[in-house]
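There are 4 protein chains.
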Amino acid sequence: MKLWQKKGTTLHKEIEQYTVGNDPFLDQKLVKVDAIASIAHASMLNKINILTKQELKALKKELCNIIKLDKKNKFKITLKDEDVHTKIENHLTKKLGKLGKKIHTGRSRNDQVIVDTRLYSKEKLLGIEEQAIKLCQALAKQSQKNQSTPMPGYTHMQKAMPSSVGLWLGSFAESLLDYLELLDAAYKLNNQNPLGSAAGYGVPLNLDRNMTTKLLGFAKTQNNILYVQNSRGKIELAILNALTQIMLDLNKLATDLLLFTMQEFQFFEIPDEFCTGSSIMPHKKNKDVLELIRANYGIMLGYSTQIANIISSLPSGYNRDLQLTKEPLMAGLELANSTLSICTLVISKLEVNKKNLLKACTPELFATGKAFELAKKGIPFREAYKTIKNTNEWHKSDATKNIMQKKYAGATGNLGLPKLEKEIAKKKKIISKKQHQLNSTLNKLLRQ
Amino acid sequence: MKLWQKKGTTLHKEIEQYTVGNDPFLDQKLVKVDAIASIAHASMLNKINILTKQELKALKKELCNIIKLDKKNKFKITLKDEDVHTKIENHLTKKLGKLGKKIHTGRSRNDQVIVDTRLYSKEKLLGIEEQAIKLCQALAKQSQKNQSTPMPGYTHMQKAMPSSVGLWLGSFAESLLDYLELLDAAYKLNNQNPLGSAAGYGVPLNLDRNMTTKLLGFAKTQNNILYVQNSRGKIELAILNALTQIMLDLNKLATDLLLFTMQEFQFFEIPDEFCTGSSIMPHKKNKDVLELIRANYGIMLGYSTQIANIISSLPSGYNRDLQLTKEPLMAGLELANSTLSICTLVISKLEVNKKNLLKACTPELFATGKAFELAKKGIPFREAYKTIKNTNEWHKSDATKNIMQKKYAGATGNLGLPKLEKEIAKKKKIISKKQHQLNSTLNKLLRQ
Amino acid sequence: MKLWQKKGTTLHKEIEQYTVGNDPFLDQKLVKVDAIASIAHASMLNKINILTKQELKALKKELCNIIKLDKKNKFKITLKDEDVHTKIENHLTKKLGKLGKKIHTGRSRNDQVIVDTRLYSKEKLLGIEEQAIKLCQALAKQSQKNQSTPMPGYTHMQKAMPSSVGLWLGSFAESLLDYLELLDAAYKLNNQNPLGSAAGYGVPLNLDRNMTTKLLGFAKTQNNILYVQNSRGKIELAILNALTQIMLDLNKLATDLLLFTMQEFQFFEIPDEFCTGSSIMPHKKNKDVLELIRANYGIMLGYSTQIANIISSLPSGYNRDLQLTKEPLMAGLELANSTLSICTLVISKLEVNKKNLLKACTPELFATGKAFELAKKGIPFREAYKTIKNTNEWHKSDATKNIMQKKYAGATGNLGLPKLEKEIAKKKKIISKKQHQLNSTLNKLLRQ
Amino acid sequence: MKLWQKKGTTLHKEIEQYTVGNDPFLDQKLVKVDAIASIAHASMLNKINILTKQELKALKKELCNIIKLDKKNKFKITLKDEDVHTKIENHLTKKLGKLGKKIHTGRSRNDQVIVDTRLYSKEKLLGIEEQAIKLCQALAKQSQKNQSTPMPGYTHMQKAMPSSVGLWLGSFAESLLDYLELLDAAYKLNNQNPLGSAAGYGVPLNLDRNMTTKLLGFAKTQNNILYVQNSRGKIELAILNALTQIMLDLNKLATDLLLFTMQEFQFFEIPDEFCTGSSIMPHKKNKDVLELIRANYGIMLGYSTQIANIISSLPSGYNRDLQLTKEPLMAGLELANSTLSICTLVISKLEVNKKNLLKACTPELFATGKAFELAKKGIPFREAYKTIKNTNEWHKSDATKNIMQKKYAGATGNLGLPKLEKEIAKKKKIISKKQHQLNSTLNKLLRQ
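Residue numbers (the working numbering), protein chains in the order written: chain A, 3 to 450; chain B, 3 to 450; chain C, 3 to 450; chain D, 3 to 450.
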């Protein structure tokens with residue numbers, strides 16, 4: 003029975019189906035965090051004398067039991083349960099009688115679902131950052147290993163100037179590292195305790211919001227209780243937008259690799275066991291994995307579009323529309339995680355075909371260098387440029403020497419990898435620390 | 003085993019997981035159409051002497067058996083099967099030995115999956131059109147019933163001029179009917195046979211493409227075999243864009259209803275059994291169903307964004323990226339169908355509170371009428387307008403009389419409902435006919 | 003002075019700036035159609051006895067004069083004028099006194115702006131269709147000329163099977179032709195007369211809507227007067243979505259060309275006078291034009307996103323939000339037109355490097371053909387496939403012979419160009435006829 | 003003449019038009035920053051002995067002159083100039099002869115345009131933050147003033163529980179403040195010096211990148227020179243996504259205000275001089291400004307869509323597609339600024355109709371409170387809830403007392419405004435400091 007259902011009334015079957023939607027399926031992944039948040043809430047209710055010590059103990063025990071049942075797939079949410087919150091309250095009432103009916107004092111499902119998605123997102127975001135750091139490490143390692151391997155640099159999809167495998171792969175490591183800052187900003191927005199907002203207008207009890215903030219390991223209490231409700235969807239959008247930026251780096255990496263592994267290039271190769279074949283063409287060795295990395299950027303963009311549209315032109319306060327932000331958020335977090343992990347695998351096993359890369363460093367790549375030689379002799383650059391342009395004939399130079407000679411900061415001869423690796427290591431440590439803190443805070447809550 | 007797999011080779015587990023993705027789940031819904039298309043393909047192979055009559059008969063029997071197994075949920079596609087095409091070929095080979103290995107002659111999974119989604123979309127689109135027509139009927143009926151019920155007309159969210167419930171509901175019926183034309187255009191694009199394209203470059207056999215076109219009930223053969231591959235995603239986008247337009251009408255209908263059922267309006271009501279409650283507020287009767295209809299427009303828009311992005315900047319020919327267009331297409335078709343059906347339910351049970359509507363027809367609504375009265379007396383309209391503007395005081399008129407007096411085409415006193423109903427009936431007939439033709443064509447193929 | 007302004011009142015400067023926005027600039031392009039629609043409206047007012055024959059004549063003369071002034075850039079709309087409708091009414095009042103104040107009888111700026119954008123879009127859409135047909139012709143011509151020129155066919159960005167330049171270019175012509183049907187559906191939606199809707203709730207006059215429908219050359223009167231207002235933005239979205247599909251074809255064409263003109267391919271070339279250079283690299287010959295064609299798909303998508311978002315969750319009736327749909331519509335029409343025209347130029351001058359194309363037809367392209375040879379000998383296809391797969395060694399065949407031998411409908415040896423050209427010619431004729439009808443209808447209205 | 007143009011060659015007219023596009027118009031706004039960046043670049047060239055002290059002085063003088071000319075609208079970029087970079091180089095060459103031809107040594111237009119948009123964005127972003135703070139202040143002030151003014155709190159667009167004007171307006175202030183953190187993260191990404199990247203592959207000179215970083219006031223040098231190019235569009239997207247979040251707050255504020263100023267509510271009013279009228283309805287007082295604030299969220303979303311699409315599936319290195327990211331960036335910055343400014347005006351002049359707000363606090367709002375009264379007496383909440391639910395009759399309470407009694411953090415009786423105001427003041431100070439630093443750094447560069 004639904005929490006709000008009046009005895010003797012029923013909800014029209016088709017309406018029930020349409021309104022409940024995918025919630026039972028999605029909420030299954032929220033059982034653990036919903037139980038954890040309920041423990042924190044109950045502890046607070048005990049402190050403000052709504053629950054006795056005894057009652058808190060009993061509730062906590064059963065909530066811990068729910069987490070165990072869920073781990074064993076024995077706590078199944080169905081259409082009739084409506085959502086995880088109802089399922090848990092009904093379970094507690096079934097097990098503990100009247101006591102179960104007390105758990106919802108001082109909260110609404112509206113702040114409950116927010117605390118759930120925030121706790122869920124926190125864990126997932128740290129996992130994603132961890133994966134991103136692993137990819138940075140793989141990129142930096144390959145960049146290091148191939149820093150003196152020349153490759154043609156392209157602009158406008160035309161051969162431009164000498165580049166290096168080190169520069170190319172290093173660029174992705176630096177980009178990812180930069181955009182982790184954006185993810186951090188989203189993480190910070192998400193790291194606020196919404197409990198106490200109830201349906202956006204509070205309750206006439208003397209709630210201790212800072213207590214649940216502390217117990218659940220949030221960095222702060224999200225103050226204005228209406229803002230709590232209005233931030234739903236917005237924080238989800240901030241998360242997805244940051245993930246979109248990360249997917250964009252992976253989209254470019256895949257785009258480059260798909261081009262540079264074409265038969266016409268053969269600059270790189272990925273292992274046979276990463277490739278798939280064709281049902282009709284016996285010779286095919288396809289890089290489906292790279293194509294899907296590329297395409298999954300569009301999937302992520304669609305998730306963000308869904309939220310960006312759903313939450314617009316909505317009046318203040320909870321609206322059921324917000325329920326539909328849950329699926330794109332959860333799917334997006336999943337997708338970023340798996341795509342980062344797959345990319346790390348690909349990069350760590352990337353085969354670099356030095357011979358082909360060197361062969362591809364054809365004369366035109368060196369034309370600009372010639373202009374600079376003249377410029378260094380005092381000829382105004384634009385004149386030097388025109389002189390070379392009119393030559394229309396260019397000669398091959400030593401590509402390796404060329405790239406290693408560019409010694410200024412960030413150039414091919416000075417990639418700054420030691421500094422980059424230091425930054426990666428530092429970031430890794432911060433993430434580990436955050437993960438450790440989160441786990442120990444929540445474990446403490448469960449054990450206490 | 004995958005169709006393309008070389009004995010002794012394996013696909014890396016994580017790569018397999020990432021590349022197969024949701025296909026086993028999605029493809030489960032394509033078993034029937036894949037089997038049907040395979041029967042058509044086999045019939046054609048028999049005609050061009052690749053298969054004997056006997057062989058065709060055996061294949062057909064087993065493919066029909068697969069459809070039956072699937073109906074009973076006994077034909078389960080798993081991760082290892084990769085997709086529906088592989089599952090079926092492997093099943094046929096298991097059951098029929100060498101004969102099963104012949105079925106793929108002259109096709110690729112690339113044209114096979116297109117024929118699947120086209121057949122699937124055809125059926126779903128006709129179902130959606132049928133649902134849309136039902137909604138049109140419900141709207142027209144309520145419009146008819148309430149054609150002389152006045153309601154305030156709003157512009158800029160401010161009271162503007164007298165309107166009627168009939169005009170308001172009729173506007174949605176006309177809109178839906180108009181946008182079905184757009185859906186028809188997408189249907190027509192989708193109604194082309196892709197078989198024979200193989201991987202986009204054909205096969206060295208003398209395929210009879212028009213034969214499969216006829217057997218499967220397509221309106222035409224999609225000619226250029228590379229265009230067939232390049233149209234993947236594009237046709238899906240055309241379908242989703244048309245569905246987005248329909249969702250937009252439903253979004254506006256829900257937006258209006260959510261406003262007009264607020265306590266401040268109470269123009270309309272929906273039955274209690276359509277409403278849900280709150281877990282914290284005992285008095286609440288929420289119209290979640292309307293909020294979800296409103297929000298699901300954003301979900302649909304996200305699906306279309308996914309495809310619009312995935313298929314851009316892709317070179318010609320099949321790319322694995324296209325695989326990811328399947329999920330948004332299938333989800334979008336499902337969503338449009340259920341949302342139309344829910345709307346029909348809501349509209350057919352809509353309660354109209356005439357008393358409140360009449361009470362809401364306050365004096366300012368009649369100010370413009372006063373200006374026109376002066377204009378009819380020969381005062382230039384702009385002067386009449388200014389005269390009334392300066393009065394700043396308006397008197398209530400008889401709202402019912404007011405709306406019924408506007409007699410020109412499409413105005414409140416002349417909604418044109420008989421013509422509308424005729425058009426709805428005509429459209430309904432066309433859809434039924436198409437559905438019947440499709441069913442009888444496919445049944446004939448299965449029976450033959 | 004604004005039409006609605008009360009003497010002695012002022013609009014706050016910053017509010018004026020923000021609300022008027024780009025309208026004076028955009029509306030400049032609507033002067034002609036606004037004047038034309040005003041003539042039709044005045045003619046109708048004469049018929050229903052609001053204007054005398056004399057008055058109609060005077061108004062018409064001055065409205066024609068406005069069109070002439072505008073042609074000479076002497077009818078400038080400024081911030082103070084607010085929009086084209088105000089500018090024209092004020093001009094008429096200035097020139098004709100009281101008579102000018104009568105022109106707005108029976109209409110609102112709300113239906114006036116719709117009639118303007120519809121007339122504007124009609125002309126632009128026909129121009130776009132004309133451009134698209136020119137591109138189809140250029141593609142078909144090049145396809146014809148190069149139908150026996152082999153080129154590698156790619157799937158997954160890997161060499162797949164032999165293709166031809168004819169097949170490749172022909173695929174774009176067929177696609178464009180198909181999507182013109184979608185544009186036609188949008189054109190049809192747009193081809194409805196909105197006049198008489200006023201602000202969505204009509205006027206208490208006996209308007210003759212079918213008369214203006216006929217005078218302005220619309221195919222029908224858009225019936226329900228509230229639907230008229232609610233369709234604003236929706237029809238614009240239908241137009242932009244159809245244009246997005248066309249831009250998608252051009253995006254793919256540019257993507258292909260950018261790939262195939264890389265130094266590693268050199269399959270095609272475009273004339274030097276189409277290429278730009280680099281400010282730093284003397285040797286560069288860049289295909290900026292192709293990159294911009296590719297990127298402008300994203301620009302168009304953004305226009306459609308703007309409208310798709312603006313019109314969602316809006317209640318029925320005119321809302322000022324709709325004003326902001328004008329700019330993306332007009333910009334989108336402009337962009338599609340110029341991009342089609344540029345593509346036609348590029349395709350008509352495309353240089354085909356047959357030698358390189360032939361050289362690129364390497365042995366692996368022929369592996370599938372070998373499997374089919376075995377299949378034709380009766381070996382089940384899957385076995386034949388595996389046999390070839392295990393060989394791992396492929397031999398070059400005669401590519402031209404290979405492609406010409408695939409004789410079934412739509413394959414490389416049977417592109418169906420005569421039929422395609424017939425369809426193009428037919429479509430061209432239809433467009434010309436529509437253009438001619440539109441022009442003669444409007445000219446008749448101006449001359450009468 | 004274009005910088006890259008070979009004597010005697012011409013660019014096809016239509017291609018020139020299409021490729022140059024809106025650049026002359028947009029680049030006009032970049033003259034100042036391009037000149038400033040050129041001074042920094044020249045100073046660096048002097049340090050590495052490419053330019054003499056004398057030459058630097060002459061260049062600097064003329065570049066300062068260009069800034070002055072531009073201020074007076076006397077430095078007009080035309081189609082023939084192609085862009086601001088060309089215009090300036092050509093101007094310098096015209097004025098200073100050979101010396102002008104030296105300015106481009108060691109850079110490309112590719113890093114030049116990035117440095118321009120970054121400097122431009124920095125200034126604009128600080129201006130936007132300043133505007134946002136002003137709006138926060140206006141919101142906090144009104145919140146303060148109305149903290150004990152009750153208003154109905156809505157969920158699901160139905161009356162829920164007592165709220166307050168203070169809570170409602172305060173929620174927007176807190177939200178804006180939070181999302182400024184996201185804007186800061188984008189600002190930080192943007193605050194990196196791209197100079198020295200050239201076309202992504204550097205130059206064979208010993209550039210001193212840290213020198214230009216310091217001269218131009220960037221927080222750091224963006225290291226990897228290929229990453230510099232690849233970050234174009236990405237940083238723009240980060241900026242627009244952050245602005246979208248801010249527009250989302252304003253969209254909700256406008257949505258609320260449009261609802262609460264309807265005749266059925268009349269909770270608030272905005273001054274007459276902020277309202278517009280109707281061309282047909284004399285009584286109308288429309289809140290167009292609010293509707294446009296609401297709709298401009300969609301416009302912003304479209305800008306972000308444009309960039310999100312353009313930069314996807316692009317290979318590494320500069321591609322001309324990136325040029326098209328400039329317009330949505332610049333338009334988006336402009337739009338956020340003007341919309342924030344307009345909102346501040348509206349909020350600061352908002353009229354609060356206390357009488358109507360109080361009257362709207364009808365009995366159902368107090369039903370939940372009754373349930374909590376029972377819960378406080380020891381009845382399990384779910385039972386208390388059901389008891390009240392079954393009553394079905396609710397009594398009005400003292401709304402002011404009700405809201406002031408909720409005393410916990412963030413609730414109506416404890417909005418935390420002093421803390422909020424402190425945070426606003428702190429943020430304001432930081433922004434002012436940043437603005438001052440930026441101005442003094444750039445002024446110093448110009449004066450030196």
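Check each hint, because a few of them may be wrong.
Each pair may be met inside one copy or between any two copies, as identical chains are not told apart.
What the hints assert, rightly or not - Below 25 Å or equal to it, Euclidean Cα-Cα: the simulated SDA-like pairs (lysine to any residue) are:
hint, residue 1, residue 2
1, 15, 34
2, 379, 60
3, 391, 92
4, 4, 28
5, 388, 264
6, 357, 443
7, 126, 23
8, 287, 146
9, 31, 19
10, 74, 430
11, 409, 51
12, 378, 443
13, 126, 7
14, 391, 265
15, 378, 60
16, 391, 45
17, 70, 3
18, 372, 340
19, 55, 73
20, 8, 93
21, 424, 332
22, 222, 397
23, 379, 433
24, 403, 265
25, 357, 28
26, 403, 24
27, 446, 346
28, 78, 24
Simulated from the structure, these hints should not be mistaken for lab results. Note that this is a predicted model, so its numbers are computed, not measured.
Status of the hints after comparison with the structure:
no.	hint	in the structure
1	15 <-> 34	neither (29 Å within a copy, 28 Å between copies)
2	379 <-> 60	between (86 Å within a copy, 21 Å between copies)
3	391 <-> 92	between (80 Å within a copy, 18 Å between copies)
4	4 <-> 28	within (18 Å within a copy, 31 Å between copies)
5	388 <-> 264	between (35 Å within a copy, 24 Å between copies)
6	357 <-> 443	neither (54 Å within a copy, 49 Å between copies)
7	126 <-> 23	both (24 Å within a copy, 20 Å between copies)
8	287 <-> 146	neither (29 Å within a copy, 33 Å between copies)
9	31 <-> 19	both (20 Å within a copy, 20 Å between copies)
10	74 <-> 430	neither (32 Å within a copy, 51 Å between copies)
11	409 <-> 51	between (69 Å within a copy, 17 Å between copies)
12	378 <-> 443	neither (62 Å within a copy, 30 Å between copies)
13	126 <-> 7	neither (34 Å within a copy, 35 Å between copies)
14	391 <-> 265	between (31 Å within a copy, 18 Å between copies)
15	378 <-> 60	between (82 Å within a copy, 20 Å between copies)
16	391 <-> 45	neither (77 Å within a copy, 28 Å between copies)
17	70 <-> 3	within (24 Å within a copy, 37 Å between copies)
18	372 <-> 340	neither (46 Å within a copy, 39 Å between copies)
19	55 <-> 73	neither (27 Å within a copy, 55 Å between copies)
20	8 <-> 93	within (19 Å within a copy, 52 Å between copies)
21	424 <-> 332	neither (32 Å within a copy, 36 Å between copies)
22	222 <-> 397	neither (63 Å within a copy, 37 Å between copies)
23	379 <-> 433	neither (51 Å within a copy, 46 Å between copies)
24	403 <-> 265	between (27 Å within a copy, 23 Å between copies)
25	357 <-> 28	neither (50 Å within a copy, 44 Å between copies)
26	403 <-> 24	neither (60 Å within a copy, 41 Å between copies)
27	446 <-> 346	neither (33 Å within a copy, 46 Å between copies)
28	78 <-> 24	both (14 Å within a copy, 22 Å between copies)
Taken one by one, the earlier hints fail for this structure at numbers 1, 6, 8, 10, 12, 13, 16, 18, 19, 21, 22, 23, 25, 26 and 27, listed in ascending order.
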